[in-house]
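Asks: Protein chains in written order, with this note's numbering: chain A, 1 to 624; chain B, 1 to 289.
No lab work stands behind these hints, which were simulated from the structure alone. Treat the hints loosely; a few may be bogus.
What the hints assert, rightly or not - List time: in silico BS3-like cross-link candidates among lysine-lysine, alpha-carbon distance up to 25 Å:
1) K219/A with K462/A
2) K255/B with K153/A
3) K67/A with K193/B
4) K358/A with K34/B
5) K358/A with K58/B
6) K58/B with K8/A
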Amino acid sequence: MNIDPSTKIIESTQRYSSSPLSDQFINVPFVQTMKEQVEFDRTLDLSLVDVFDQERQSSTIFRPVTKFTLLFENAYTGSTKYVPYRDNLYYTNEIQNSISYYPSGNVTSVSPQPTNQNVLWDGFPQYSEFDFIRNDFDVSGYTIGSGRHLDFKPVSATTYNWSHYVSYAYENDYNKKLYAIEPQGQISWNWVASDGIPFYILLGNDLNNNFIRFKCPVKHGLLIGQFVYLSINYNTNYVFQVSNLGDEGFGSEEYIFNISNVGYTGTTFQTSTQGTFRKILDFTNSADTISYYYVRKHKILTSSECAVLVNSGFEKNIYNDKTKCENKVLTPNQRKRTSIKEGSRSYTLSFNCDINIKGLIDNQNRPISQLYFTTIWRGYFGWTQKLKQGWDFNTYLYLGNPQIWWNQNNLDSNTTIGQSQYTSLLGQGPFFYNDLLTSGDTIDGDFCEWNNFEQIERVISKYQHKITYNYNWFSLSSTIQDPNNSYGYFYRPHNKIPIREFSNYIEESDNEDLLDLPDYAYYSTLNTSFRWRDLYSYGFISNDGVGLDYPFLNNCHYPFINTIFRITPENYNIPSDYGTTTNPNDIDNYQGGKVPANIDIISQPLVDGCDALGVIFAQATKET
Amino acid sequence: MVVTLWGLYLPKQQKKLKIMNFNRTKVVKNDTDKFINVPINMQWDFMGRDDGITEYEKDIVSQVIGNPQDFEIIRFAHNVFSNQDSHINYTFNFYNYLQPISATTIPITAWEPNYLNNGFSIQDVYYFSKSFVNSFFKLDFYDSPEDATQTLYLSMILPVQQGLTQSQILSTTLPPVQIKKPEMILDYIGNDKEGFFIYWLRNKNFIDVSTFYMKAKFFDAITGVYKEMTNTKQDLLTPNKFTFDHTKYYYYQVKLNYNNKTYEVYSTLTNSRVGDLNTPIIWYEYVNP
Numbered sequence: 001m002n003i004d005p006s007t008k009i010i011e012s013t014q015r016y017s018s019s020p021l022s023d024q025f026i027n028v029p030f031v032q033t034m035k036e037q038v039e040f041d042r043t044l045d046l047s048l049v050d051v052f053d054q055e056r057q058s059s060t061i062f063r064p065v066t067k068f069t070l071l072f073e074n075a076y077t078g079s080t081k082y083v084p085y086r087d088n089l090y091y092t093n094e095i096q097n098s099i100s101y102y103p104s105g106n107v108t109s110v111s112p113q114p115t116n117q118n119v120l121w122d123g124f125p126q127y128s129e130f131d132f133i134r135n136d137f138d139v140s141g142y143t144i145g146s147g148r149h150l151d152f153k154p155v156s157a158t159t160y161n162w163s164h165y166v167s168y169a170y171e172n173d174y175n176k177k178l179y180a181i182e183p184q185g186q187i188s189w190n191w192v193a194s195d196g197i198p199f200y201i202l203l204g205n206d207l208n209n210n211f212i213r214f215k216c217p218v219k220h221g222l223l224i225g226q227f228v229y230l231s232i233n234y235n236t237n238y239v240f241q242v243s244n245l246g247d248e249g250f251g252s253e254e255y256i257f258n259i260s261n262v263g264y265t266g267t268t269f270q271t272s273t274q275g276t277f278r279k280i281l282d283f284t285n286s287a288d289t290i291s292y293y294y295v296r297k298h299k300i301l302t303s304s305e306c307a308v309l310v311n312s313g314f315e316k317n318i319y320n321d322k323t324k325c326e327n328k329v330l331t332p333n334q335r336k337r338t339s340i341k342e343g344s345r346s347y348t349l350s351f352n353c354d355i356n357i358k359g360l361i362d363n364q365n366r367p368i369s370q371l372y373f374t375t376i377w378r379g380y381f382g383w384t385q386k387l388k389q390g391w392d393f394n395t396y397l398y399l400g401n402p403q404i405w406w407n408q409n410n411l412d413s414n415t416t417i418g419q420s421q422y423t424s425l426l427g428q429g430p431f432f433y434n435d436l437l438t439s440g441d442t443i444d445g446d447f448c449e450w451n452n453f454e455q456i457e458r459v460i461s462k463y464q465h466k467i468t469y470n471y472n473w474f475s476l477s478s479t480i481q482d483p484n485n486s487y488g489y490f491y492r493p494h495n496k497i498p499i500r501e502f503s504n505y506i507e508e509s510d511n512e513d514l515l516d517l518p519d520y521a522y523y524s525t526l527n528t529s530f531r532w533r534d535l536y537s538y539g540f541i542s543n544d545g546v547g548l549d550y551p552f553l554n555n556c557h558y559p560f561i562n563t564i565f566r567i568t569p570e571n572y573n574i575p576s577d578y579g580t581t582t583n584p585n586d587i588d589n590y591q592g593g594k595v596p597a598n599i600d601i602i603s604q605p606l607v608d609g610c611d612a613l614g615v616i617f618a619q620a621t622k623e624t
Numbered sequence: 001m002v003v004t005l006w007g008l009y010l011p012k013q014q015k016k017l018k019i020m021n022f023n024r025t026k027v028v029k030n031d032t033d034k035f036i037n038v039p040i041n042m043q044w045d046f047m048g049r050d051d052g053i054t055e056y057e058k059d060i061v062s063q064v065i066g067n068p069q070d071f072e073i074i075r076f077a078h079n080v081f082s083n084q085d086s087h088i089n090y091t092f093n094f095y096n097y098l099q100p101i102s103a104t105t106i107p108i109t110a111w112e113p114n115y116l117n118n119g120f121s122i123q124d125v126y127y128f129s130k131s132f133v134n135s136f137f138k139l140d141f142y143d144s145p146e147d148a149t150q151t152l153y154l155s156m157i158l159p160v161q162q163g164l165t166q167s168q169i170l171s172t173t174l175p176p177v178q179i180k181k182p183e184m185i186l187d188y189i190g191n192d193k194e195g196f197f198i199y200w201l202r203n204k205n206f207i208d209v210s211t212f213y214m215k216a217k218f219f220d221a222i223t224g225v226y227k228e229m230t231n232t233k234q235d236l237l238t239p240n241k242f243t244f245d246h247t248k249y250y251y252y253q254v255k256l257n258y259n260n261k262t263y264e265v266y267s268t269l270t271n272s273r274v275g276d277l278n279t280p281i282i283w284y285e286y287v288n289p
């Protein structure tokens with residue numbers, strides 16, 4: 001401390017005449033360049049557990065792994081005369097085809113010439129056309145030898161049919177055009193996602209019931225006492241309270257809601273009136289508690305070269321391979337071979353590039369809590385045409401046929417995935433295939449609902465892709481099909497793998513200076529407080545079982561999940577191996593248009609594959 | 001601990017000074033400067049020092065415990081050639097011992113890709129006898145071709161069950177049969193995949209090796225010994241067939257590409273890439289004198 005030497009301290013009585021005697025003070029300024037010393041603070045107990053946890057919580061690197069159980073039923077037989085396809089079918093009508101193809105007979109001792117090359121041969125495309133890893137690298141006349149369709153490159157064995165990526169939901173599309181149709185009521189809706197959930201009035205005020213009954217093509221997500229903001233109004237009133245749910249049907253409470261008929265007149269609530277609604281939790285503060293509806297958009301994080309897809313040991317699913325021996329004399333190329341209708345192998349998918357989530361936020365501006373294994377149909381061998389997209393509510397048949405949504409000419413069901421074409425080595429074409437995606441590409445996702453007050457996202461309907469055969473090369477048999485809107489296969493491209501969990505409870509605080517207030521907290525004007533759900537740390541599992549504890553090593557997180565990947569037929573055009581029927585009126589056996597439910601665990605087979613599949617379909621029936 | 005923190009300087013012109021109100025100390029005027037020692041209990045520390053110590057503490061802890069390292073291995077696949085072919089071809093030639101290796105002139109056909117040259121019978125190879133199936137090729141990957149300083153980092157086994165086949169007469173009463181021969185075409189799919197992928201560290205942070213030197217041996221289960229192999233026929237080794245430059249004739253270079261997780265094999269003689277159908281990776285049995 002420095003004091004100016006010229007400072008004079010004058011005794012108080014000397015300051016002026018008759019000045020009183022008083023105490024004098026020197027204010028010693030203590031400039032705050034020091035802090036209190038805390039003893040023992042320099043002692044540190046080294047705890048490997050703590051160090052491990054610190055490293056774990058600070059790491060943002062993920063190496064996700066999944067085991068794919070591929071479930072596929074080859075459901076559509078068709079016909080073709082394109083030689084590479086024709087010679088490699090799983091034949092279903094080989095005797096009649098042979099009779100036509102070999103007009104002079106096909107006895108082995110007699111040359112089977114001449115042949116009628118215009119004969120269409122019937123059968124299923126073999127399983128390798130849908131398998132995750134193609135192994136038909138040495139099929140003469142198809143992948144090698146003269147007359148081959150293309151040059152098979154083993155490096156592409158895992159990307160000829162499908163491509164695999166990691167993605168995350170990064171944005172919401174509120175303006176996505178959607179379409180649904182009521183199979184029974186013959187009512188259809190065209191709406192945009194932000195409108196909410198469509199409905200039609202099943203029982204209107206014209207029937208003088210105590211309730212006005214609304215039916216939705218998707219789960220409405222409402223509870224008794226909550227409110228709906230309708231797109232139709234009664235005397236400028238748009239908001240009505242849900243008085244009860246469902247009708248006498250089992251499970252109908254998820255699709256039907258009712259409001260009390262207090263004597264409504266006019267045409268607003270007439271039977272068959274259509275519209276959309278949005279959920280409101282609290283009528284007194286609809287701004288805070290109204291739900292928002294949108295289609296999630298996914299951003300791709302990896303390139304196709306990053307994916308490492310390998311056979312999962314010797315594991316197979318519970319359904320055995322379905323193979324048959326094609327008799328030499330009953331084939332167009334006079335070759336005896338084994339053809340495979342359905343396979344059963346499982347696969348393991350990992351990535352040789354790391355997923356760094358640092359700085360990434362999800363579609364609700366929160367830290368990422370979920371990654372997705374995104375699997376896209378590639379179809380490089382050219383059997384299929386343009387890939388279409390829709391949602392679960394688009395997968396049901398309408399009068400036994402695919403919904404018009406799936407028409408090849410409907411622009412609204414196009415994906416953002418590019419399509420290319422090539423000419424085969426035989427000089428024929430074009431054959432179409434879907435382009436590979438690269439990091440940063442975006443594709444659509446599930447149809448969802450978000451409520452700011454509840455701080456929770458609900459998946460209303462899952463995203464689906466539909467694969468259909470290219471009629472120029474392979475036309476479906478036995479049914480009259482619109483070439484632009486035929487039966488096809490559905491699959492769900494996005495398979496979720498959670499990497500963190502949000503709490504079951506909602507945190508609330510009116511203090512904006514709260515240290516741990518996350519930047520994604522929502523300020524509720526109703527409660528004049530911030531609302532959010534806590535993001536649990538890695539490895540933490542709450543008392544109610546919420547949380548994740550994946551392995552952490554090599555300074556990376558290793559989330560793992562089992563994924564059941566279904567390629568689901570929209571219908572069958574011949575009776576399937578499982579005794580299903582093509583007649584929609586045979587309610588007990590008809591499976592067309594039914595998308596199997598989410599099944600986390602495949603049940604053990606009861607007796608054989610057929611019984612086991614019965615379990616699957618029983619659950620599917622329950623859902624649908 | 002009590003220390004004198006500073007001295008309070010009072011000019012001599014002042015007659016009397018009262019310090020605060022806790023002690024009515026009188027300072028009597030005289031002609032000498034006076035000082036007041038203010039005792040302050042040292043319970044303070046400089047601000048920021050604690051933060052510095054915390055940082056230092058982290059440094060010490062990381063030295064004691066170590067930073068997280070990435071020890072994960074990942075597969076490196078053989079990189080495609082310009083025609084998109086991805087297979088890698090190995091050909092192992094065995095000496096037929098028709099002449100001693102010390103002979104002045106050795107026929108060009110003395111080394112052949114044929115297990116029979118090694119002493120296996122047709123029956124051994126065709127019926128997969130124990131002595132045959134217990135034999136294998138071993139590829140060793142070193143960080144350097146210098147024998148004295150190199151470190152062996154990994155090895156791969158190529159089982160004899162892999163490979164192409166050749167026609168042989170098993171019995172005069174039977175049609176010719178196909179038996180294995182030591183020519184292997186390895187690829188992503190198919191029956192012959194063992195040894196196609198190199199499994200090595202995903203990141204170079206721990207061991208920074210991008211180029212390995214690959215050396216081949218054959219374990220002969222008939223005799224239970226390893227046979228070394230060279231990349232050139234022994235009679236062509238320079239300066240002579242027993243004394244030669246090991247760095248040149250014992251190895252192929254294997255270069256890893258950490259970006260796309262692939263590898264390529266190069267000849268140490270020509271520095272050109274090898275491994276496709278036209279330029280297979282050729283090994284010749286080395287016969288000790």
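Asks: None of the hints should be skipped; say for each whether it holds.
Replies: Here is how each hint holds up against the structure:
| no. | hint | verdict |
| --- | --- | --- |
| 1 | K219/A with K462/A | 12 Å, holds |
| 2 | K255/B with K153/A | 22 Å, holds |
| 3 | K67/A with K193/B | 21 Å, holds |
| 4 | K358/A with K34/B | 64 Å, violated |
| 5 | K358/A with K58/B | 22 Å, holds |
| 6 | K58/B with K8/A | 52 Å, violated |
The earlier numbered hints that this structure contradicts are 4, 6.
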